[in-house]
Structures are given as C-alpha cells and as structure tokens.
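Given next are the chains, with one letter for each unit.
There are 2 protein chains.
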Amino acid sequence: MRKTIVHILKEEPKGHELTVKGWVRSFRANRFIALNDGSTLNNLQCVVDFENTDPELLKRITVGAAIAVTGNLIESQGGGQAVEVEAKEIKILGDADPEEVKKTILSPKRHTLEKLREQAHLRVRTNTFGAVMRLRSQLSFAVHQYFQKEGFYYVNTPIVTGSDAEGAGEMFKVTALDMKNPPKDEDGNIDYKKDFFGKETNLTVSGQLEGETYALGLGQIYTFGPTFRAENSNTSRHLAEFWMIEPEVAFCDLDMNMDLAEDFIKYVIQFVMDNCQDDLKFLENRLIQEDKSKPEAERAPMPLREKLKFVLENNFKRVSYTEAIEILKNSKPNKKKKFKYPIEAWGADLQSEHERFLVEKHFKCPVILFDYPANIKAFYMRLNEDGKTVRAMDILFPGIGEIVGGSQREERLEVLQEKMAALDIPEEELWWYLDTRRFGSCVHSGFGLGFERLVLFATGMTNIRDVIPYPRFPQNAEF
Amino acid sequence: MRKTIVHILKEEPKGHELTVKGWVRSFRANRFIALNDGSTLNNLQCVVDFENTDPELLKRITVGAAIAVTGNLIESQGGGQAVEVEAKEIKILGDADPEEVKKTILSPKRHTLEKLREQAHLRVRTNTFGAVMRLRSQLSFAVHQYFQKEGFYYVNTPIVTGSDAEGAGEMFKVTALDMKNPPKDEDGNIDYKKDFFGKETNLTVSGQLEGETYALGLGQIYTFGPTFRAENSNTSRHLAEFWMIEPEVAFCDLDMNMDLAEDFIKYVIQFVMDNCQDDLKFLENRLIQEDKSKPEAERAPMPLREKLKFVLENNFKRVSYTEAIEILKNSKPNKKKKFKYPIEAWGADLQSEHERFLVEKHFKCPVILFDYPANIKAFYMRLNEDGKTVRAMDILFPGIGEIVGGSQREERLEVLQEKMAALDIPEEELWWYLDTRRFGSCVHSGFGLGFERLVLFATGMTNIRDVIPYPRFPQNAEF
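Chains as they are written, first to last, in our numbering: chain X, 1 to 479; chain G, 1 to 479.
In case anyone wonders, no lab produced these hints; they're calculated from the structure.
You may find that some hints are simply not true.
[What the hints assert, rightly or not] When the alpha-carbon atoms are kept at most 25 Å apart in a straight line, the in silico DSS-like pairs for lysine-lysine are as follows:
(1) G:Lys115 with X:Lys180
(2) G:Lys180 with X:Lys184
(3) G:Lys149 with X:Lys149
(4) X:Lys180 with G:Lys194
(5) G:Lys59 with X:Lys194
(6) G:Lys193 with X:Lys3
(7) X:Lys309 with X:Lys332
(8) X:Lys115 with G:Lys199
(9) G:Lys14 with X:Lys193
(10) G:Lys199 with X:Lys149
(11) X:Lys180 with G:Lys184
(12) X:Lys149 with G:Lys361
(13) X:Lys199 with G:Lys10
(14) G:Lys180 with X:Lys199
(15) X:Lys3 with G:Lys266
(16) G:Lys14 with X:Lys115
(17) X:Lys180 with G:Lys199
(18) G:Lys149 with X:Lys266
(19) G:Lys281 with X:Lys149
(20) X:Lys14 with G:Lys149
The shape of chain X in the complex, shown without the other chains (with noise of 0.2 Å):
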C-alpha cells in the first residue's frame, strides 16, 4: 500500500527515494510544498528544484491540488522539520483552480465555524476538523477496545423499531407509504398494516430495553450506534442524530455501575492522551486562540490537555440528589435569585443551570448525582426502600453537563408492572421486556453516553455540530 505521511515523518529510514501522494496545503516561493494526506495534522515539506521544473507544472501546484513527489527522504536543510523530500519528480493528480478555491473553505485564510459547517464536505482538510475527526476515530476504537478488553459483548440493537414506549424523547416516524395517498382503513386513519413493517415504526431514542434483554444472556454487553430525537432543540449540545455507547451489565448494582462509567470515561480520555498527542496539542492552542476574543467569563477555565488530565487524577465526587438539591437551595446563586430556575423544594428536577453550578463553581470537578425523585425519571429504573427515589445516576461534566445517565434497572416483575399501568404504558407493547423480569431475573444496571458530548469534551470544541462529520438539526439535514 501507499506509504503514508505520518509514517514517513515516525518510521521511514532516510537517505532512499520514495513516492508520497496528497493535497497541497501551501506553496511557498516556488519551493516548498507543505503536503498533507489526512494520515496526520503534521505536514510533509518537499522541496522544489524549481530552475529545473516545467513552469506550467509549478502553477498547477496549488493550494488544494492532489499531488504526487517522487524523491528522496533527507534531513530537513532547515529549521520547523526533521525530514523533508528533495523533489525529482511532481505530478499534478488533480488540479485545484485557485479562482473556484477562493470561493471555498479551502482558501487559506481564517473561516467562521459556521461557514465551515456549510462546507462540511471540505472542512475535513483543514488542520481543525482533521483534528477533530482523528481524535473522534481514536476514541470510538478506545470504546470497543475498553468493552471487549473487559469481557463485555457488542449488541446492534434495532434502529427501526415498533415500539414507542422507551420514553427518552421524541421520535422520528419511519415509513414506506405514499406519504401524499396513504391507505386508510374503514375508520379513515392510516392503514399501517399496509405499510413495510405491517405497523407502525420509529427511529430508536435507544437501545436500553433491547440491550438489557441480551444482558439478561450475554451477562455484559454494550451497544455503539446512532439514536434519534425528533426534538426542536436548536443549540450547541443537542443532535437530531447522534452516537450513543450503552453498556448493560448483569448482577451489576448502582454502585458498581457508577465505578464502570468512570473507569470506562478515563481509559477512554487515557487513550487519546497517548495516542493524540499532536492533535489534542493543535485543538489546546486553537481553543486558547479562540478563548482571546471571548470575555474572561466564559474561557475555558484551563488548557485542554491539563483538563483531560485533571479528569483522569481526580474521583469523580458521588453526590446523592438530596444532598445536591441542600446545596443548591443553600447557595449563592439561589438566594441571589441568580438562577432561572430557583430551587425551592425537594423534588425539583435539576436544570443545566444547576448542574454547571455544582459542577464548575461548587466540586470544580465531574460529578455523580445519584438516588434521584422517582417521579422525574424513567418508569424502568429500580425504586429504593424509600419508596420515593429510584437508583439512578447521572455524570455531570464541566462545560458539558450531563455525559452519562444510568440506572440500576427495575428488576422485580410486579414492580414494574405497577409503574408501566400507572405510565399508561401497555403491557402486551413492551411484553418482550416483561418476559426477562419472568424467566431468571437478576440486579443489573447500564448507562448511556452520548458520544458527541465526550468527543466535544476531549477536543476542546464548543459546538456540538462540529465533532460529527454530517449533523443533523432542525431544518438541516445537508449533504
């Protein structure tokens, strides 16, 4: 296979000749071409013997042009590079007309992130979104290796389904009708009998329900796949679209659940400290430079690479939802009336105003909220002896919020029963998931991670738009 830069600049031995293909990144004075094929951030240097180059080749060597050197691999002559390639030979693979270029994100000058995004098919070749993307592939590879090095089993649980009562949110509806002349049935509604699946069909908020049943066999599983919300959430954190990482664990409690995720979020953060170093070193000092225009306030508090460590060296603070809610209703910002949300009771289901409070002013570190009021949280998570809180558990993280939410799972039938009727939840929807409540059930618990926060968290960016390569939101689903 074709020899790529980030091995060349580690590995390749000086001193012999070799053919390196990629994008013209700069042109400088005719004679340096600053290379780039993705493989890294870093760039080749290849230096042109431009007295002895066809001068119509030299103009087509342009900024975004594909190129091919053929040369040989030498010391750098100078400073900024270790190797460079003494150019003997260039062909032009494909040319990039500097008038079309300039209309593009290609052009080399700074561009808005909002511009980037409306060229998202190109914003992947600048230095940026090269980063970002790599460290996105690290980490998803740093997901499978945690679970598979742990024992657990991959799941790919159903992305269409038919059921609606998974209750994470709204969904996205999934059909193969003529939308314009669906068939009706005699009562004049839509006959879904007719359409593909025989029913009716959505987009899955999550796999939690699919995967636990494969808990309940496999004893550890996690899924890895897109989920969905047909929610008008216009902002930096939310997706239409996005990634999610459920792990499911049998025999497993809250606590247990709780060492998980935070052993499973360090490897993870560990891994891209040792294997990302160039990029995270690139997206630390592109935050810095963007922080400068920003009023102090709203900086990141510390530089990127020292906030992952500072996550790895420190214990996430466990903090029951009762104690939360006594040092909300006791803090500043509460008694100032600072918060829109004032906090007055038990109770209160907590707001991302409150989360950032206790996270960045009063831990000053990631945190786990657990044991939180029954009847704000979901109908499967197992109720305490209290009879009032249910054994959840939600990570907060700085500049983040909410990473991870959890639960240990209801796993007594009756239970449960109780809370589907008073949900209005029909049994005969969700009898599948009963059944594993009837046939050897046992303490287990899981959570949920939306990948994009913690890609958002591990790359210093501040848009959530800009760790996947293709968002989704209201009114843009593009390219």
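Go by the hints and put chain G onto chain X.
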C-alpha cells in the same frame, strides 16, 4: 467486578472460595447444576450438597433461574470438565417458573429456528444464539482492529439523508409530520419545508458518497453502521436493516482495492479462528446435525472450520466479467437450459444462480469478478478506456453469493457529470459530491461489505435473520 465463567474456567486458581452468578441450564439428580453466564458457551458445574440443602430452595433451582453459588473451586471429581464449584451457599436471584418456562424456547428441548425467531428476546440464552452473537461481537471488533492497525479513520456518515440519489435501492422515508394530516402547499403536495429537517428525508442506503468526501481529506477511512432497504425481499439473504462496512481510500486503484478486500476478509476470519474456537466448534457440530435432515445436494460441502481455513489458505480467484460470461455461456447448465435466466450474450446482469455456479461449481473458491458493463452498474464507477466497462468488483462467496461490492470511483468531473445527466441525477442534489472532483480529485476506491453476510459465512448459519439480534424484514419490526 464479578468473576465471569469464561475467566473461572480458564484462569482462576483452584482451591479457594468464590461466588459465581448465572442462569441454570440444567439441574441433574438434585446435585449437578450446569451454570451459564453468557461469557462462554461452556457451563460451570456446581455440585450441590442436597442432603444439607433446604428442599424448598432445591425446588427453585430450575432451568432459566438466576442464581448465585458460593463455594470452593476444585478439580472436578467427574469427567467432562476440569473444574467445578463445591456449593456451600446458593441464593436464588430470580426464579423461573417451570410451567411458564415450558411455554418458551427456554425449555430444554429442540426448537426450530423459526420458533426461536419468534422469541428473539430469549434466544440469546440458547447455545446456538449465544455462540452466534459472541462470534458477531468478535468479528465486529476484528473489523475495527484491522482498519485501525492499517491507519484508517472511522467515520460516522449520516443515517438520515436528504439525498435519494445514492441509487443502491428503495429508501424508507423519515418524517416528524403528522402523517394523517400533513401540511400541504398551494399545489396540494405535502409541504416538507414544515417537516423537521425542512425537506424530504430518507434512511441511508450507503454511506459511500459521504465516505468519499472524507477519504479525500483523511486519506483512508471506513464506516461501520446501519443501512436500510425498503425492498420487499422476503429471502434468507436480505434484511431491511443491516450493518455495512465501507472503507474508502484515496490514491487507490481497483487492484489495490481488491487486495485490501481480500486481506481484510482473511484478517477477520483469522481473528475468529484464533479467538472463538469453542463457539466455532459448537456451530460446526450444529451444522453437521442440521445437515443430516437435508438432501445431500443441500448440505454444506465441508465442515465450518475447514471452510474458513480454506478461505484463509487460498487466493481469491480474480476473473473479469467478460471471462465469466464466456465460462457461463459454455457451461453445462446453460447449454442444458438449467438456468432460469440463460446467458446469451455479453451485457447480461448476473443472477445469483450464475454467481453460485461460478463459485461453487466452476472455481470452487471465493471469486472476485471485475470490469462489469457500465450500464448495469452505478453512476459513480470509473469508466474504463474501452468506454463500455467500469472498474467495478464483486466478491462472491460459496453459500453466500455477493459479500462485497466495490469499485474504483470516477474521479473525472466531466465524465461524472455526463453520467449523472444521462441518468437524470440532478447536480444540485450532489453539488458537494461533485466538489470533491473540483478540488484535488484523485484516483480512489472503496467497497461495501454487508456485515451480516460475513457473520452468516463465519457461523455457518443459513438464514440472515439468525445472525442479527432483532431482524427487520417485511411485516416484521417486533421487539
């Protein structure tokens, strides 16, 4: 964390006390519990001191029940296993009423695969499906391992797409509109501007086009995610929702693409041969048993592991479409009119009967067909200099048929535009795809591999609905 049975059987030192949790697979003579926790095919034998155990407890040790056993791990007194647990204490974690179990596939007798499919939420607790799903998990990890070690970046292409020009098949629609009363525009058409994404959207049939944009930035990428077909294919080889692996490589021609595909497939098969011997052996025997009830012509030509070894040890036969047509035209079944679709002339599309003849009768090994007629292949494939064939390749496997479809992509802007015009694919819809040919285009290639077909091949299962946890097919989206 909990000690799993795979760990206890392999690595745990004997002679000390431990607690193991799992589900009862059988309970013989009030004495021998076969305990399984899903971590391995193998059960751990737990020996009960029934004379000193509460008879009420003994009654609750039934097939399917979840229990915890505490006792010493000792060398087994009987044959059939190396170690066993001398139970000191047994706790029932979750009962399984034998009368209820009888009505399910958990009951200890032979059930048909159809029956198991109806109880897909329980089938993973059987030996067969435990083995299949562990193998599936290992295969998917091998996929990531392979590409990551080769320097590929993992890319998540979008699932919801605004484009319907990918041309790989019928698409499902995605909408958040009220389907019964959708908003209409002045002409009486559905007003998709009012839909969530502001336009008509579908479920992706392939991430290739978006993958190409990333390959032309990061150099070499792969996707591994769900794809969809709204086709009424009620066969043992098709799913409406399946997982696809799509690598895409810049500066890579069709020959390198074939090398990549062959090397990749061999790697992942070697990986399961190295890591899944217990499950493979079980599945091999299962298939031998199943085949006994079949006419000889329908039986697997060789045992499962021998078949996998055969793939590892032999080069895939590379044959041009033109050569293949000659072979087929002169073949016995063609001359004797045994083909449903007789091969008369160059240009014919190959049917599965032809593919099977080539692979199973003629070459008797995996076959790569390449250089197909342009008019039976997709618009984005590289036109050869002959003006009538394209640089496409399909890999055909015995018993499976097409497992890989790939091509070198048309990198020339004008040729691509002409093809799109001829097929009425509007440029406005794929402006971003065409851009990749405007700015540093280059020779590049990729392929798609249907993951479930690979699992089918590696497990020896015969119906694709049995190698994915919750299969989606016409009239079925249960669970």
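Mind listing which of the numbered hints don't hold for this structure, in increasing order? Violated hints (numbers, rising): 1, 5, 6, 7, 9, 10, 12, 13 and 16; every other hint is consistent with the structure.
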